[in-house]
Each structure stands twice: as structure tokens, then as C-alpha cells.
Amino acid sequence: MNAAQVPWAAWLLFLAPVSAILIGMFVVRPLKPEWTHLPILASCAVVTVCALLLLQRVLMGGSFDLNFYRWAGVGSWGVDFGLRIDGPGVAVLSMVAVVGSLIHLYAASYMEGDPGFSRFMLVFHLFFLAMIGLLTANNYVQLYLFWELVGAASYLLIGFWYHKESARKAALKAFLTNRVGDFGFLLAILLIIDSFKITHFHLLYFLVARATAAGHAPQFLPAIGLLLIWAACAKSAQFPLYFWLPDAMEGPTPTSALMHAATMVTAGVFLLVRSWPLIAAVPGLPDLVAGIGAFTAVSSAIVAGTRKDLKRILAYSTVSHLGLMMLALGLGRVSVAIFHLIVHGFFKAALFLCAGNVGHAIHQPTANVDEVGGWRKALPWTYVFFVAASLSLAGIFPFGGFFSKDAIVDAAMERGGLFALSGLLISAGSAFYIFRMLFLTFHGERPEQKGLSAHPHESGSGLLAPVGLLALGAVVIGAARPVVETLVAGGWTALPVGIPGYAQTMNLPGSTEIPGVALKALLIGMGMAALGAAAAYALTMVDAGWDWRWRKSSPALERVFDSDFGWKTLVDWFARGVSSLADFVGRVLDKKWWDGAIEGSGRVVQAAGSLFSDAARGRLNEALWWMAAGAALLLALGAAR
Amino acid sequence: MSLLTSLWAVPALGAAACALSGRAARWTALVFSLAALGLSMAALRPILVSHGAGLLVEGGASGLFGISYSLSADGLSLALVALTAFLNLICAFASWELEVPAGYWAAFQALAAAVNGVFLARDLFLFYVFWEASLIPMFFIIGLWGSDNRRKAALKFFLFTFTGSIFMLLALLAVVIAHQRATGVWTWSLPELTGTDLGAGAPWILLALMAGFGVKVPMVPLHTWLPDAHTEAPAAGSVMLAGVMLKMGVYGIIRVALPLVPGAAAAWMPILALLAGVNAVYGALCAMAQTDLKRLIAYSSIAHLGFCLIGVFSGTAQGLAGAALLMINHGVTTGALFLLVGFLYERAHRRGLSDFGALATRAPRMAFFFGFSILASIGLPGLNGFVGEFMCLSGAAQSPILFGGLPFYALIGAIGVTLAAAYALPAFQSVFWAAEGPNSVSPKVFDLGGRESAILWTLCALMLWIGLAPQPWLATLAPSLQGLVR
Amino acid sequence: MTGLAIALAPQAVLAAGVFGALGLGLMARPSPMWARALAVLAPLAALAALRLVVPAYLPPLVDVDFKGLAWQLVIYAGALPLAICSSGDDVETALFLGATLGMGLLCAAGNLVMLFVGLEFMSLPAYLLVARAGAQGRSRRLEAAVKYFFAGAMAGALFLFGLALYYGETGRLGPGAGALGGLGRAGVSLMAAAALFKIGAVPLHWWLPDVYEAASPEVSGFLSTSMKAAAVLFLVRLVQIAPDPMFAVVLPWLGAATALYGAALALRQKGLRRLLAYSSLSHAGLLVLGVGAWARLGGDPDALRAILFYLAAYALMSNGAFLFVAATGVQTRDDLKGWAARSGGTAAAFAALLFALGGIPPTGGFMAKLLVFWQSLRAGLVWPAALAALASIVSLGYYLGLVRDMYFEVPAANCAPIDASARARERILVLACAVGAVVLGLAPLLRIRP
Amino acid sequence: MSGAVWATSGALFAVGLATVVLRRQMLAMLLGVELMVAAADLALVRGACRFMDPEALAAVAVVLAVAAAEAVVGLSLILRVLRSGRGLDAGELSELRG
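Residue numbers (my numbering), protein chains in the order written: chain A, 1 to 641; chain B, 1 to 486; chain C, 1 to 450; chain D, 1 to 98.
Please note that the accuracy of each hint is not assured.
To be verified - Which residues of chain A face chain C? A few of them, derived with a C-beta cut under 8 Å, are:
1) H455
2) S461
3) G478
4) A479
5) P482
6) G609
7) L620
8) L624
9) M627
10) A629
11) A631
12) L633
13) L635
14) L637
15) G638
16) A639
Think of the hints as simulated: they come from the structure by calculation, not from any bench. Idealized CB from N, CA, C, for every residue including glycine.
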């Protein structure tokens with residue numbers, strides 16, 4: 001397999017976005033900034049087609065992994081850049097391409113009239129390119145390159161409306177938290193290089209498999225696994241480093257939809273899928289991943305139920321669902337995790353765009369639960385799509401979400417213990433917060449009845465079409481289960497490697513089959529979901545004032561939820577600690593003490609100089625006395641010898 | 001006049017020509033800078049063709065006291081000479097519209113001549129003469145055309161470096177004397193001096209050499225001249241100071257200090273590598289505390305050079321190649337940043353972070369270039385900053401020098417990489433994104449002109465090229481560092 | 001007799017010069033042109049005569065060897081600037097030539113008595129020259145001359161008493177006395193005190209700043225170069241004639257202390273001439289360190305060559321610096337502020353001289369310092385060399401300070417413009433000295449053998 | 001007997017030194033210097049006698065001549081100071097300092 005045999009679709013996958021960005025930046029932006037989205041939408045179409053073609057090729061066993069050129073290296077050691085089109089990669093790539101293109105379409109009309117329109121579209125598409133690169137990288141360094149590019153694009157997009165103080169703060173917090181995660185990733189890569197001397201995925205799988213089989217796994221393998229999990233937690237907003245995601249809602253809605261729901265945040269899970277052979281080789285790690293996933297999912301589901309801002313609710317919901325994916329991965333169900341990742345991409349993007357439409361209806365970037373209500377009639381289409389996506393999220397039977405969520409709950413029940421309990425809690429919790437959002441936004445009292453003046457109007461077709469397609473996708477995606485199953489299974493094993501010396505294939509850890517509809521899990525999952533929905537109905541429609549009354553009665557409780565059980569305050573305290581340390585080192589230690597001491601030494605010499613020069617009062621007798629004393633001194637020295 | 005001699009003689013002649021050409025000094029400077037760049041490319045070509053393996057040697061006529069006029073050049077030194085010529089050309093363009101006397105242009109040419117001399121010297125006496133001679137033009141550049149308290153900065157710069165290098169001179173003398181005592185021959189030529197048995201004095205000689213080079217790099221305890229010198233120097237002065245003069249220190253360590261006292265260097269390597277790690281983190285922490293934009297970039301240079309030293313002291317081929325490439329990258333990236341701050345200062349005569357605000361709307365092009373250079377500086381992969389740092393850190397990870405069994409410096413280096421974003425992005429935000437403060441000078445700032453954008457486009461293109469395809473650069477630099485691999 | 005005439009040809013020429021100058025005095029209206037011509041011709045003729053001299057050892061008084069010839073070359077060259085700028089007064093010319101003759105005799109001295117005669121012969125006219133030469137500041141010059149006289153006389157007396165003690169024990173006035181007992185070593189110490197007084201080493205230096213500050217700049221230049229060279233030779237001859245382990249131990253530390261002391265004080269000075277005086281003190285310290293290293297190396301010719309190179313370079317630098325003061329009439333550092341803007345040429349020359357005095361590479365000053373450091377390290381004097389290095393760092397404080405004042409400061413508002421034609425002779429000499437100082441820096445490469 | 005000569009010349013030298021250093025009157029200081037030179041001469045003559053060495057005696061003659069010249073120069077300087085109206089007190093001469 002050499003470069004010539006690589007399908008043109010793979011080349012085009014990169015060529016289209018790069019040329020679109022270059023044309024957009026150097027040709028269209030100077031001439032007519034409002035048309036920047038045209039080359040970009042064209043490139044989205046091309047990318048979607050190529051992704052689906054590659055999907056079809058991989059389905060027929062055509063996956064490949066090829067090194068193109070030596071990026072950087074000295075003597076024998078070196079890092080090569082190349083392309084890896086295999087099952088998991090193409091599956092997620094297709095979802096990203098489809099969802100991404102629809103959101104690009106939505107963004108083209110949503111951002112119309114914004115002064116920074118062309119800047120937004122260009123950076124938005126740069127992110128799209130980075131995501132493609134990330135999914136098709138064939139070694140850790142290349143993955144790290146696109147991983148950081150995605151982080152940088154998210155910084156620029158969260159901080160797009162930079163005149164808002166909160167947006168600037170959120171952008172910086174997002175980038176620095178990602179940077180802390182990337183600290184772990186970089187250290188992991190360094191340790192991999194130290195232990196294995198190579199960074200290529202497939203070769204690593206072989207080396208790890210052989211090493212663990214022979215019983216002498218390298219000394220740093222647990223550390224590598226832990227650091228990779230740390231990096232995934234930062235990017236996929238898991239427990240220790242998730243706090244940046246809710247604030248990332250400051251960015252425009254398309255950004256929140258594409259990056260912070262469907263694609264970027266899943267990069268962490270994808271990294272764990274790519275390094276699963278390394279992590280699975282270390283006994284304790286998969287359970288750790290499952291534990292983190294479960295804990296994050298449960299806690300953020302609870303907090304989501306208490307948020308007032310629509311987009312924040314969805315942000316915590318995303319954190320919760322990412323926890324679910326981690327849980328599935330931790331329990332060994334690699335393909336279930338990928339399947340849920342794809343399904344989640346559709347319904348969460350749809351929900352975000354609906355929230356965007358609601359906000360758009362009242363001409364604000366986002367809406368607060370108190371400002372909306374009873375808009376079933378006012379925003380009919382948005383209401384329909386919102387309901388479809390919510391049902392899919394809650395995992396109600398015929399809708400797409402059910403199939404992936406059911407498989408996870410089934411795996412959790414099978415594992416039993418805490419995981420089973422958390423599976424149930426999540427089913428109930430997610431149903432509760434999504435239906436609470438549904439009722440508060442579209443049912444119940446309208447804002448006029450609550451003394452607010454709001455006259456919402458339905459969004460234009462440019463905004464509704466993409467949402468509709470996404471909602472449709474969210475509903476029917478369940479049918480794609482067997483496709484994902486074969487993709488992941490095929491990708492893992494039957495991989496002809498284009499690198500000499502490693503021709504044979506190998507089967508990798510983790511079960512790749514997705515169980516069908518298990519009756520037991522169906523009943524339990526649906527039961528909990530129904531319970532959650534009922535609770536939501538009771539607390540919003542029946543006892544209308546509940547939502548704000550408990551906040552008045554127990555403000556302490558609200559503070560606990562606001563600070564995510566105290567974790568946010570801990571993080572702020574840490575951030576302030578680091579900056580005060582920097583202030584101390586920079587101003588006091590370096591400028592005042594050390595620099596002062598050095599400049600002081602200059603003054604010491606001058607003082608000595610003036611001391612002596614004052615002594616020289618120029619009187620003749622004194623001079624002669626000193627001369628005599630000098631001569632006597634020499635005499636003494638001479639005689640002493 | 002043979003090729004290597006012309007590499008430093010042409011800029012020297014240029015200095016004289018500029019001094020005499022009065023009003024047309026900038027044109028003379030441009031012509032001589034172009035000539036110097038062409039010559040360095042011509043010299044670099046055979047090395048490129050033979051994948052960095054070649055070594056050009058020239059001269060050798062021995063004078064008195066064992067001193068001989070001999071030059072030598074390999075991949076590393078010619079790359080640094082090319083960088084000097086390139087940055088000198090960039091500075092010529094950047095300060096094209098400044099109303100400055102002919103002396104300004106002459107000083108830059110003289111600086112280029114002296115620095116090239118350092119990179120090409122094969123004879124330690126010649127090395128030292130060029131090393132100190134480079135102080136004089138920079139002293140005048142900072143002192144005459146710097147900003148408000150330039151006088152103190154110029155004097156501090158000169159005294160600091162002179163103190164370091166006079167102890168380096170004593171060390172060099174000690175080596176020459178030890179060599180004469182062993183072989184009875186007075187010689188200052190570096191190849192012959194390497195490997196002399198220095199006996200018990202070796203650690204002291206290493207300490208004195210590291211003092212001399214450490215001030216220039218700068219290594220942390222000896223760094224306090226850098227923020228003042230960079231802040232007060234004119235834009236082009238800071239570019240040359242950061243882009244090229246700091247590399248003289250690292251080049252000195254690679255070419256003179258480590259080969260001359262290999263035994264002591266090996267024994268002290270863990271301490272030196274730890275100091276390099278401290279450099280990286282200390283520089284980043286100090287940068288976070290700065291309120292002056294130029295001072296912040298100066299401290300970021302200290303952090304970057306910390307990585308470079310981690311690579312050098314790792315003793316592995318990747319680390320050394322990474323260090324060499326980082327020297328080139330740092331010259332390009334920090335050069336771009338200093339040019340931008342210089343353009344800002346030309347427009348508003350202010351450098352404080354809180355003096356500006358919302359410049360992204362007033363000067364979008366400046367915002368783009370500044371953002372691009374900041375991302376390259378904090379080591380965003382895909383741009384040149386990351387390549388150097390990654391190679392240095394991977395070298396450190398594979399380094400046989402362990403600190404308690406762990407590649408400890410890789411950890412410190414990674415912390416340094418993370419802190420980079422913590423000082424660079426808040427600075428970018430407070431200048432370009434934050435709202436204008438009450439006494440902000442943003443209204444005075446107008447966007448970059450054609451000339452300025454052209455310069456920055458070339459620099460950004462170079463950053464992207466090295467970021468995506470660094471291998472040809474590494475191939476030229478790596479062979480010349482084989483000697484130090486352990 | 002002819003051997004003596006050949007050996008002392010330069011001294012003879014100078015003696016003729018002295019008598020000629022005195023003869024001029026007898027004429028009714030002595031025209032200054034003649035005196036000035038004589039002042040210039042005599043040293044030039046002496047330099048020419050040097051080529052004829054064949055090294056000869058004519059016991060007991062005269063011993064002319066290669067070292068003596070080289071030293072005479074430096075001394076007569078160092079005297080030229082004062083000769084060229086002399087005011088044409090016949091008495092001054094006589095005194096100046098007399099002092100130069102004294103130095104010449106010192107170079108040819110074979111034994112201690114001849115050394116003493118040379119010492120006094122060069123000092124006495126110098127005291128009067130300090131008192132007489134120069135246009136303004138008569139009372140200050142007189143005070144300096146008196147101080148100089150009494151210090152010199154006391155030193156002479158010390159030398160004599162030392163000679164007496166030395167003779168008392170060894171019974172010899174010349175070299176070859178072998179190991180010395182207590183009395184002899186005491187005598188040598190006293191004689192060394194006289195030599196160190198003349199050079200200006202630390203405990204015996206009090207006269208130097210006052211004399212250099214008060215005397216006219218050209219005279220100070222002459223004293224700081226030719227007189228210092230002669231004084232160093234005096235010490236070298238003394239060490240040769242009466243070798244004593246005390247020299248190798250005391251001189252290096254004394255030299256380093258003097259260098260540091262001179263540098264520290266010069267840092268504080270406001271008056272330019274007093275600053276140059278203390279800087280001359282600091283350089284004297286380095287010379288003493290050089291002699292110490294030479295003594296410790298057992299009279300190694302390389303070490304001597306280093307000292308001579310230092311003196312040659314210093315002759316150019318110090319003369320140049322003092323001539324700058326003479327040419328521009330600058331009194332204090334504040335007058336110097338913004339000087340580059342007012343007169344670029346002299347500022348550039350003075351800057352080059354200052355860089356040379358500071359020992360910054362491309363200049364002769366650096367080469368000189370390098371050689372002295374080289375020899376002291378060779379002699380194992382690591383710590384004195386380090387102290388001397390510290391001294392040269394401190395000295396940069398004021399050398400660069402002066403350059404900073406000239407270039408980076410803005411001239412005072414009310415300063416009168418400078419007419420470039422005034423005192424043309426001094427200006428040309430300053431430029432010549434500056435060029436010489438820099439070219440000397442490339443000595444090793446251009447194979448200039450000191 | 002020879003110890004006595006040493007003692008006198010040493011004492012003479014010490015007295016001369018004391019005069020030069022302690023007395024403020026310039027003429028006295030000049031006298032002190034001459035005393036020190038005379039002490040040295042005495043010691044030299046004594047040495048010459050002991051070693052029966054004519055060269056030392058010639059040296060004494062030379063020294064005497066030089067001392068005379070020194071005195072001449074000293075007196076002329078002191079007279080010049082006197083005529084400039086500042087008296088004979090060495091303490092007055094402190095215009096140059098620092």
C-alpha cells in the first residue's frame with residue numbers, strides 16, 4: 001500500500017477544507033466578507049461525501065494506515081505523519097461530517113449580520129479541519145497536533161464576542177484547562193517515546209500486546225495510561241477538569257452546538273478509544289475510567305436539573321452523557337461507547353440549535369428559564385424538533401437515544417453494584433432535566449403572565465431546516481447500530497498495515513458487539529425515564545412556582561449547586577494561588593530582591609569608593625605618615641618571610 | 001577574500017559604508033544585508049547538499065602567542081549566521097521609516113559582523129574578541145535609540161555580560177596554559193585544546209565558562225539584565241538581541257564549554273539540566289507577573305531558552321537537534337513579537353498591557369499577526385515553537401542523565417510548556433480583546449501598513465513551514481552536534 | 001671610552017638637548033620656536049640613536065641590555081606628545097629633556113647607586129615641571145609640586161637607607177649578592193618601597209591623584225606614561241639585582257589591591273582629570289601584578305614582554321586621554337554631557353580610548369590586560385588575577401559612564417559651540433593615539449612583536 | 001664599636017623621619033629629609049670602611065651631590081609657596097583632595 005493507492009476521497013478530505021479556508025481568507029474576505037460562508041459550505045458538502053465514501057470503503061474491509069512523510073527525527077528515531085482510516089475513526093468522522101455540515105448551514109444564517117461574520121466562518125471551518133485531522137491521525141504526535149489546534153479554535157470561538165468580559169474569561173478558562181490536560185498528554189507522549197521509542201498507534205498496540213503477553217510490561221505503562229485519561233478528562237469535560245464546559249456556553253450557539261456538544265468534547269473519548277489497548281493492558285485503569293464516567297454523569301445530571309439558563313442545562317447534560325460514554329468504555333463496551341457518541345452528537349446538536357432558536361426568538365444569545373414559557377404555539381416547529389430530540393435523549397423506546405443508552409444501562413446492570421445504581425440514576429436524571437426544560441420553555445405560563453414583555457417569533461427557514469434534519473437524525477440513528485458494530489469490529493482486527501514488518505492483524509481487547517434490545521434493560525430504563533418525566537411534570541406544571549420557591553427557601557442549597565458541590569470554588573482558589581505565586585516570583589523575588597541585590601552591589605562599590613576618597617583629605621603630613629606606615633608594612637612583610 | 005571571512009567582513013564593511021553614507025545609510029544597509037544573506041546561503045549550500053555533514057575550515061595563519069586567524073563553519077554555525085543575516089534584513093525593513101542617523105544602520109551592521117564572527121571563530125582568542133566586540137554596537141543601539149531609561153539598561157547590559165565574560169577569559173587562559181604545560185605548545189585553536197587534561201581545576205573552569213555563557217543565554221540567576229535591555233532597546237534592537245545574541249550563549253556552551261571540560265561537564269550535567277528546567281518555569285512565572293508587554297516577551301525568551309538548555313544538557317541526539325532548531329525558531333517567533341510591540345510603540349509610545357484595549361477592532365491585521373505569533377510562541381503544534389520544544393523534551397525524556405531515576409527535566413519542561421499559555425494569552429486578551437481603559441491610547445493605534453505586513457507575512461510563513469515540515473532543518477543542524485551525544 | 005659613548009648614545013643626545021635648551025636661555029630674546037624645535041628633535045634623535053646602541057655591560061655602573069633598549073623606546077615615545085605640545089618656554093624644555101634623560105640613565109643603570117642617580121635625576125626636573133608648566137591653576141600646581149617633592153624626597157631617603165642596610169650586610173652595591181639575611185631583606189624592602197612609591201602602589205600612592213589633577217594635562221600624560229614606565233623598570237631592575245622571595249608574594253596582592261582601590265575611587269570622581277589619575281593608579285596596580293607574576297616565574301622573558309606590551313599600550317591610551325582633556329578643556333563629567341553631539345570627532349576618539357582603557361577586545365588595552373592575566377595565571381596567581389578582573393569590571397563603571405555621558409546625555413542648554421580648529425595639535429595627537437590603541441589590539445594577528 | 005655607628009645612624013634616621021612626618025613647617029620637613037639622607041650616608045661610610053671598598057665611598061660622594069640638588073629644588077619650591085603668600089605651614093596646602 002503506497003501513497004498512490006490512497007483513495008482520492010482521503011486526499012479530498014483535507015484538500016477541501018484547506019482550500020476553502022485559503023480562498024475564504026485571501027480571496028473572499030478582502031472582497032466580500034459576507035460571502036465567506038460560500039466556499040466553506042461547499043467544502044462541508046465535499047467533506048461529507050468523502051466521509052461517507054470512506055465509510056462505505058471501510059465497511060467493505062478497505063481500511064488502511066499509511067505513513068506519508070518523516071515529520072521530525074534525528075538519526076534512527078523519528079516521528080512520521082500519515083493517515084489512518086479505520087472503523088472507529090470513520091464512524092465518528094461521518095457523524096462529525098454530517099452534524100458539522102448542518103451546523104455550518106445553521107451558522108451561515110444564524111451569524112448573518114454579525115460584524116465578525118467572515119472571521120467566525122473561517123475559524124469555525126479551521127476547527128472542522130482540525131477535527132478531521134484528529135480523527136484520521138495515525139500516531140500520537142499528529143493526534144496531539146490537531147488536539148491542540150482544536151483547543152486553540154475553541155478559544156477563538158468561545159471568545160468570539162470578545163467585547164463581553166464573561167466571554168473573554170470563559171475562553172481563557174477553557175484554553176488553560178485544556179492546556180492542563182495537554183500537559184498530561186504531552187507527558188504521556190514523552191513517556192511513550194521513552195519506553196517504546198515509537199508513537200505509531202498500530203505498532204504500539206503490537207509492542208504492548210507482546211510486552212504484556214511476555215509479562216514484563218514497561219515501567220511507565222500505568223503512568224502513560226493515567227496521563228492519557230487525565231488528557232481525555234480535560235477535553236471531554238470529565239470530573240476533575242469539566243468546569244470549563246458550562247462557561248464555554250458564552251460562545252455563539254453554533255459553536256456550542258458543534259464543539260461543545262457534538263464533536264470537540266468527544267475527542268477525549270476518541271483518544272481513549274485509540275489508546276484502549278494501552279489502557280486495557282493495565283489492570284486497574286478501565287474501572288477508573290468507568291468510575292470517573294459514572295460519577296461525572298450522576299453529579300452533572302443532578303446539577304443540570306437545577307440550572308436556569310437553557311444552554312447551561314444542555315452543557316451539564318453533555319457532561320453527563322460524556323460520562324455515560326466513559327462508563328461504557330470503562331465497562332469494556334468500546335463499540336457501545338462509539339455508538340452512543342454518534343447518537344449523542346445528533347440529538348444534543350438538535351437540542352442546542354433549538355435552544356439557539358429560542359434565544360434568537362427573543363433576540364438574545366441565550367435564554368433564561370424565567371424569561372420563557374408556554375411558547376408551544378409561538379414556536380411550533382422548534383417545539384416539535386425539541387420534543388423529538390428530548391425523547392431521544394431521555395432514551396424513550398422508538399427514538400434513537402434509547403438503543404445506545406439501553407445498551408449502556410444493560411452493561412451497567414450486568415456489572416451490577418454502584419455502576420447499576422448510577423445507570424438507573426442517570427436514566428431518571430436525564431429524563432427529569434430535559435422534560436423540566438421542555439415544560440418550562442414550551443408549556444406553563446407565558447412570560448406576559450409573569451409580568452415580562454416578550455413576543456417571540458418563529459425563526460426563519462434557514463435556521464429551522466438544519467434543526468429539522470438533525471432532529472430527524474436523532475430519531476432514526478438507532479437503526480445505524482449494526483453498521484457501527486461491524487465498523488468497530490472490522491476496524492480493530494482486519495487492518496492491513498502499510499508498514500513493513502507488521503503485516504499480520506491482531507485482535508484487540510474490548511468486546512465489539514452491541515447487544516440487541518434486552519427486555520429487562522428496556523423495562524428498567526423506560527421505567528426510570530418515565531419516573532423522571534413524571535417528577536419533572538409534577539414540579540413544573542402542577543406546582544408552577546416550585547422552580548423559584550426552593551431557591552428562596554434554601555439559598556445555601558442553591559449555592560452548593562451553583563458551585564458544583566464546591567468544586568468550582570476549589571478550582572478558583574487554585575488559579576488564584578498560581579497567579580499569586582507568579583506575582584511573588586515575578587515582582588518580589590526577581591525584581592525587588594534579586595535584581596535589587598545585584599544593583600545594590602554596584603552601590604556598595606561606590607560607597608567604598610566615597611569612603612576612601614573622603615579619607616584622602618589632601619594634607620601633606622598625613623600623606624607622608626601613610627607613606628611611612630606603608631614602608632613599615634613592607635619592611636615587616638619582608639622581614640617576616 | 002575567502003567565503004567564511006567574507007561572512008563577517010561584508011557586514012563590517014557595511015558598517016563603515018553606512019557610517020559614511022549619511023542620508024542614504026538605510027539603502028547601504030539594505031544592500032549589505034542582502035549581500036550577507038546571499039553569502040550565507042552560498043556557504044550553507046554545500047552543507048545542505050551533504051545533509052549537514054560538511055565542515056568548512058579556513059585560514060590558519062598563526063600569529064603570536066599561539067593565536068591564529070582561523071574560521072570554521074558547519075551546519076549549526078552557518079544556520080545561525082543565516083539567521084543573523086535574515087533578521088538583520090528584517091530589521092532593516094522594519095526600521096525603514098524611522099528618522100535615525102547613519103550611526104543606527106552602521107551599528108546594526110557592526111553587530112551582525114561581530115555575531116557572525118562568534119559563530120565562525122575556530123580560534124578561542126578570535127571567539128572572545130568577537131564575543132566582546134558584539135557588546136559595543138548593542139550598547140550604542142540600546143543607549144542611543146532606546147526608550148526612556150535606556151541609559152541604565154545599556155550600562156547594566158554591558159557590565160553584566162562583561163563580568164561574565166571576563167571570568168570566561170580567565171577560564172580560557174587556564175585551559176591554554178594547561179595545554180601548554182602538557183604539550184609545550186601555545187595554541188588557542190579550539191580543536192587542539194579540546195581534551196586537554198585540566199586536572200583538579202576542571203570544575204572551576206567549567207563554572208567560569210558557564211558564568212560567561214550563562215549570562216548571555218541567560219540562565220536564571222544571571223538573567224536580570226535581559227528584561228531591562230529588551231524593554232529599553234528599540235524594536236529592531238530587541239529583535240537582534242533576542243533573535244541572535246542570546247543564541248551566542250547557547251552556541252558557546254555547545255561549541256566551547258562542553259567540549260573543553262567534558263569530564264566536569266558530565267559530572268555536573270544533572271545540576272545543569274536542573275538549572276535549565278528552573279529557567280523554563282521561572283521565566284514563565286515571572287512573565288505572568290509582568291504589566292509591560294515587552295518585559296513579558298523578554299521573560300518568555302528566558303523560558304524558551306530554558307527549553308533549549310534542557311535539550312542541550314539532555315545529551316541525546318534529539319535533544320541537541322531540538323535545541324539547535326529551537327534557537328532558529330525562537331529567533332523567528334520572538335523577532336515577530338518584538339517587531340509588533342515595536343510598531344505599537346511607534347504609534348502610541350506606550351507598552352503597558354493596560355494602556356491598550358479593543359485593538360482587534362481598530363487594527364485587525366495587527367491582531368491576526370500578534371495572535372499567530374503568540375500561538376507559535378506558546379508552542380501550538382503545527383507552528384515552529386512546538387517542534388523545537390517537543391524535540392528538546394523528547395531528548396530529555398530519553399536522556400541517560402536521570403535525576404533520581406526519572407527523566408525529571410521532561411516533567412519540568414512540560415510544566416513550562418503549560419505555563420506558557422498562562423502568560424501569553426492574558427497578555428493578548430488585555431491588548432486586543434479587553435475593553436479600552438479610561439486612559440487607554442488605543443485611538444492612536446492605526447493598522448499595519450503594507451511594508452510591515454509584508455515583513456510579518458514572511459515571518460508567519462516561516463513559522464508555518466518549520467512547524468509542518470521541520471525535517472530538512474533538523475537534517476542540516478543535527479550532524480554538527482554529534483560530538484556531544486552521550 | 002668609545003664603548004661607553006656607543007652604549008649611552010641616546011642619553012648623550014638628550015644631554016646635548018638639555019645644554020642646548022639652557023644655552024637658549026642665555027640668549028637675549030629666546031624665540032619659542034627654537035625651544036619647541038629642540039624639545040621635539042631631542043627625543044626623536046634619541047630614538048634614532050637607539051638603533052646604534054649595542055648591548056654592553058660596563059661594570060659597575062652601566063648595563064645596557066635588550067630590556068633596557070625596549071624600555072627606552074617606550075619612554076621616549078611616551079615623551080613625544082608633551083614635546084609636540086610644549087609651550088616653547090626654554091626652561092620648561094630643559095626640565096622636560098632633563099627628566100627624559102634621567103629616565104634614560106635609569107634604563108642603563110648597572111647597580112643600585114646608578115639606579116638611585118637615575119631615580120633622582122628624573123624626579124627633580126619633574127617636580128619643577130609640574131610647578132611651572134601649564135596655563136591656569138598656578139597655586140594648585142604649586143601645591144601639587146610641593147607634595148610631589150616631599151613624597152619623592154622621602155622615598156629617595158628611604159631608598160638610600162635601604163641601600164645602606166643592603167650594603168651593610170652584603171658589601172656589594174650591585175647584583176650577585178646571593179641569599180640575604182634579616183638586615184639585607186629589610187634593606188631590599190625599603191628600596192622596594194621607593195620603587196612602589198614611584199609607580200603609585202596603594203600605601204604609597206597619596207601624591208599621585210593630586211599631582212596628576214593639578215599638573216597641566218600634557219605633563220600628567222608624560223608622568224603617567226614615561227615616568228610610570230621608568231618606575232616599573234626601576235622595580236624590575238631592583239628585583240633583578242636583589243632577588244628576594246618577598247617580591248613574588250607581596251607584589252601580586254599589592255598590585256591587585258591597588259587596581260581595586262584605584263577603580264573604586266575613580267568611580268566616585270566628578271573631576272575628569274582626577275578620574276583619569278585614579279584610573280592610572282588602577283592600571284599601575286595591574287603592572288605591579290605583572291611584575292609580581294614575572295618575579296614568581298623567576299624572571300621569565302615572556303612575562304617581561306607582557307609588561308612591556310602593557311606599558312606600550314598604556315602609553316598610547318593615557319597620553320590620548322590626557323590630551324583629550326588638553327584639547328577640549330573639559331573639566332568635570334558634567335561638561336562632558338552630550339559631547340558627541342557637540343564635537344563628534346573628538347568624542348569618537350575619546351570613546352575608543354575609553355574602550356581601550358577598559359580593556360574591551362578589539363583594542364590594545366584588552367590585549368595588554370589579557371597578557372598580564374595570562375602571565376599571572378601562568379604563575380599560579382589565580383586569586384590576585386580574579387581580584388584584578390573584578391577591578392577591571394569596576395573600572396568599566398566609569399569608562400562606560402563617560403561614554404554614556406558623551407553619547408546618551410543631552411548637552412546642557414547654555415553651552416557654547418566648539419570651534420574644531422582650536423588646539424589642532426592636541427586634536428590630531430588624540431586621534432593618532434586612539435588609532436594606535438585600537439591597531440595595537442590586533443597585534444597578535446598582525447604579528448607585531450613587542 | 002661598630003654597633004654604636006649603626007645605632008646613631010638608625011637614631012638619626014628615625015629623628016629625620018619623625019621631623020618630616022610630624023612637623024607642619026615645611027622648612028623643618030626639608031631639614032628632616034636631609035637628616036634621613038645623612039643617616040644613610042653615615043651607614044654607607046661605615047660599611048665602606050668595613051669592606052675597605054672605594055666604590056662605596058664614591059657612592060657616598062654621589063649621594064651627597066644628589067642631596068644638595070634635592071635641597072636646591074626643595075628650597076626653590078618652598079620659596080615659591082612663601083612668595084605666593086600661603087606661609088610655611090604644610091596644613092594650608094589642602095586645596096587638592098578627594
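Going through the hints against the structure:
Of the supplied interface hints, the one on H455 (chain A) is violated, with its beta-carbon coming no nearer than about 70 Å to a beta-carbon of chain C, more than 8 Å. A least Cβ separation of about 70 Å between S461 (chain A) and chain C goes past the 8 Å threshold, and the interface hint is therefore violated. A hinted interface residue such as G478 (chain A) counts as satisfied when its beta carbon comes closer than 8 Å to some beta carbon of chain C; here the least separation is about 78 Å, so the hint is violated. About 80 Å separates the beta-carbon of A479 (chain A) from the nearest beta-carbon of chain C, more than 8 Å, and the hint is not met.
For P482 (chain A), the shortest C-beta to C-beta distance to chain C is roughly 80 Å, which exceeds 8 Å, and the interface hint is violated. Interface restraint check for G609 (chain A): the shortest CB-CB distance to chain C comes to about 4 Å, inside 8 Å, so the restraint holds. Because the smallest distance between the Cβ of L620 (chain A) and any Cβ of chain C comes to about 5 Å, under 8 Å, the interface hint for this residue holds. A hinted interface residue such as L624 (chain A) counts as satisfied when its beta carbon comes closer than 8 Å to some beta carbon of chain C; here the least separation is about 6 Å, so the hint holds.
This hint holds: M627 (chain A) has a C-beta 5 Å from the nearest C-beta of chain C, less than the 8 Å allowed. Here the hint on A629 (chain A) is kept, as its CB sits about 7 Å from the closest CB of chain C, short of 8 Å. A hinted interface residue such as A631 (chain A) counts as satisfied when its beta carbon comes closer than 8 Å to some beta carbon of chain C; here the least separation is about 4 Å, so the hint holds. The restraint placing L633 (chain A) at the interface with chain C holds, with a minimum CB-CB distance near 6 Å, inside the 8 Å limit.
Here the hint on L635 (chain A) is kept, as its CB sits about 5 Å from the closest CB of chain C, short of 8 Å. For the restraint placing L637 (chain A) at the interface with chain C, the shortest Cβ-Cβ distance is roughly 5 Å, inside the 8 Å limit, so the hint holds. The criterion of a C-beta within 8 Å of any C-beta in chain C is met by G638 (chain A), whose closest approach is roughly 3 Å, and the hint holds. With its C-beta approaching chain C no nearer than about 6 Å, A639 (chain A) sits inside the 8 Å limit, and its interface hint holds.
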